[in-house]
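Here are the chains, one letter per residue:
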Amino acid sequence: MRPSTIIYALTLAFLLAAPAIGLYPVFMMKLLCFAMFACGFNLLLGYAGMLSFGHAAYFGFAAYITGWFATALGWPTMLSVVVGVLASALLGLVIGALAIRRSGIYFAMITLALGQLVYFICLQAPFTGGENGIQGVPRGSLFGVIGLQSDITMYYFVLVMFVAVFLFIQRIVHSPFGQVLKAIRENEPRAISLGYDVNRFKLLAFVLSSAIAGLAGSLKCLTLGLATLSDVLQWTSGEVVLMTLLGGTGTFLGPVVGAGVVVTLQEYLSDIVGAWVTVIIGAIFVACVLAFRKGLVGEIEAWQQRRVARRAGAAVKPEAAPEASAATR
Amino acid sequence: MAHPEQDIILETRKLVKEFSGFVAVQDVSIKVRRGEIHALIGPNGAGKTTFFNLLTKFLAPTRGGIFYNGLDITYDSPAQTARRGLVRSFQISAVFPHMSVLENVRVALQRPLGTAFHFWAPEASLAPLHARAEALLEAVGLAEYRDAHTADLSYGRKRALELATTLALDPELMLLDEPTQGMGHEDVSRVTDLIKKVSANRTVLMVEHNMSVVSSIADTISVLQHGTVIAEGPYAEVSQNPQVIEAYMGSSSATLQGAH
Ligand SMILES: Nc1ncnc2c1ncn2[C@@H]1O[C@H](COP(=O)(O)OP(=O)(O)OP(=O)(O)O)[C@@H](O)[C@H]1O
Ligand SMILES: [Mg+2]
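Taken in sequence, the protein lines are chains A and B. Taking our numbering as reference, the numbering of the first sequence is continuous, increasing by one, and the terminal residue is 329. Taking our numbering as reference, the numbering of the second sequence is continuous, increasing by one, and the terminal residue is 1260.
Note that these hints are calculated values from the structure, not bench results. C-beta atoms are modelled at their ideal positions from N, C-alpha and C, and glycine is treated no differently. Hints may contain errors.
What the hints assert, rightly or not - Now the stretches of chain A that chain B is said to cover, found in silico as 3 or more residues with beta-carbon under 8 Å:
| no. | region |
| --- | --- |
| 1 | 168–178 |
| 2 | 183–193 |
What the hints assert, rightly or not - Looking from chain A toward chain B, a few residues come up when the C-beta cut is under 8 Å (computed):
| no. | residue |
| --- | --- |
| 3 | 131 |
| 4 | 196 |
| 5 | 203 |
| 6 | 204 |
As the list claims (entries may be wrong) - Over 12 Å on every C-beta distance to chain A, these chain B residues come out as not near it, computed from the model:
| no. | residue |
| --- | --- |
| 7 | 1014 |
| 8 | 1103 |
| 9 | 1110 |
| 10 | 1115 |
The task is simple: from the sequences and hints, build the whole structure.
Put into structure tokens, the structure is as follows:
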């Protein structure tokens, strides 16, 4: 078995056992929602090389849509989630189509500006409840069969969704589409010269990423029973960047670890130090970025790769070995 | 062929590229005959790469037209140009460094499969391409590096890989921007042989500084200086042209043989 498979299995075992070992289910659900959000964000940043500064828009917008459909229209849970995801995918399609015309910092600025626009719409639109948000969103049931009122049942529902998304992202990354995406990230002019319309690939990546962020937002809305402005806030967009960089971009587990660290710190430290938690998280972030440029998981993977390369280098191709460590990003 | 006009695969008509007043390519009209190896030579800064960028639409021309198989492609997109069969390589080695050697070639083979947008399909769906990818790697002498990390390859091997990737598209017209630059002696002759070999059923337009390469494989040579074509013809003719000798050596007494 590969080391990554063992780590995934251990992580899954931990998540399955979490309620049993006394971890508060609502807290764990919040953690999983942010982990899913960060995984979706990482699909864009880590695997397509696009830094979006307005990803809360998709997360929060889906939360509002799901909340509104479930509350005002009384739609069943699963359908409300699907509508929320479709809405954020559509939003991603529109914003993505505008943003991918530019790259680098300009791309980031467009996503930021349009993300702010979504915030403004959510603040002003009649259905979102303004400053109060949408409250009392019912969790309902899964296809009218499994009630989600109990936190434990809801937790396992969120966990199943999370695992599905995690596997889905792995599939995307290794798919034929993922290969082209990687080529574009690695060398865009070369990908163009091979006949690929790179903007279409970037747009699809953007839409997939938005949809995953949307699913995370919809689930968070159901978990907490409310959709609020804080979910579409610029602050949340910043947080997901932080989580992903902290854990390691372009690694599957990095965003999960990053989200875990940030959400846990927020939850437990805010009781003790109050508003200082922001400062502490900021300090940890700066320290991590300075010390572990690839993020926590990224550094571990790089260390692992160096070890493998050293062992292989000693055995076979002496020519390839010296460059091997310098080559890993 | 019976009609000489049909033999022209690529033609430029009075192609001009200005960069904010500076004219990098000036009224270049070139005809590339089908099946030939056509070399484009000229001193540094002559506008060769700019000309390539115009042909492949990485730059839009200021004026003039580009015709490929008689079709006006002046306003095509770069990706469209590639899909028409006009595929380029780059002066600075253009590989995908953090993909394996096989993946580099495979990503080029992938497009005709029509599954490039299939984000739900497993990687295994690409396995049928491996045999062809391996054959291409074999052709450029990279078979044993199949699974190597591309960033770890030597410069010469990266260039060979780039050539294999370009060949993977089976281009009708292959544009090579200094394919032997930065290569050692052995690599140069291997790549030269390879270009010669693959040119059997396609046309090659190449920028090349190495005169021994040009003299040995090019059928026609166009010499560019300050953005204009100063001479054109077979090597024997062009190398005797005093204007060409002067452009290269700064004096008409030296011979072209020694340039670069
Ligand atoms: N994007 C650009 N903006 C402004 N000037 C440019 C640009 N690209 C190229 N040039 C200028 O155009 C001229 C031709 O450059 P080009 O790269 O085409 O030369 P080249 O013949 O390929 O030279 P070399 O043999 O060094 O590769 C140079 O003077 C260069 O500085
Ligand atoms: Mg050049």
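Q. Going by Cβ atoms only, is residue 204 (chain A) closer than 8 Å to chain B?
A. holds, 6 Å
Q. Mind checking, does the region 168–178 of chain A have 3 or more residues with a CB under 8 Å from chain B?
A. Since three or more residues must qualify, the claim that chain B covers the region 168–178 of chain A holds, with 7 doing so at under 8 Å.
Q | Outside-interface status for residue 1115 (chain B) - nearest CB in chain A farther than 12 Å | A | violated, 5 Å
Q. Given residue 203 (chain A) as an interface hint, is the shortest Cβ-Cβ distance to chain B below 8 Å?
A. violated, 10 Å
(Q) Verify this label for me: residue 1110 (chain B) is non-interface relative to chain A, using a Cβ-Cβ cutoff of 12 Å. (A) violated, 6 Å
Q. Any Cβ of chain A at or closer than 12 Å to residue 1014 (chain B), or is the non-interface label fine?
A. Holds, since 25 Å exceeds 12 Å.
**Q.** 8 Å C-beta test of the region 183–193 of chain A against chain B, three or more residues
**A.** holds (count 8)
Q. Any CB of chain B closer than 8 Å to the CB of residue 196 (chain A)?
A. Constraint on residue 196 (chain A) satisfied, holds at 6 Å.
Q | chain B contact restraint on residue 131 (chain A) - CB to CB distance below 8 Å | A | With a closest approach of 39 Å, the residue 131 (chain A) hint is violated.
(Q) Beyond 12 Å on every Cβ pair: is that true for residue 1103 (chain B) relative to chain A? (A) The assertion about residue 1103 (chain B) is violated, with a minimum of 7 Å to chain A.
When the structure is compared with the earlier hints, violations turn up for hints 3, 5, 8, 9 and 10 and for no others.
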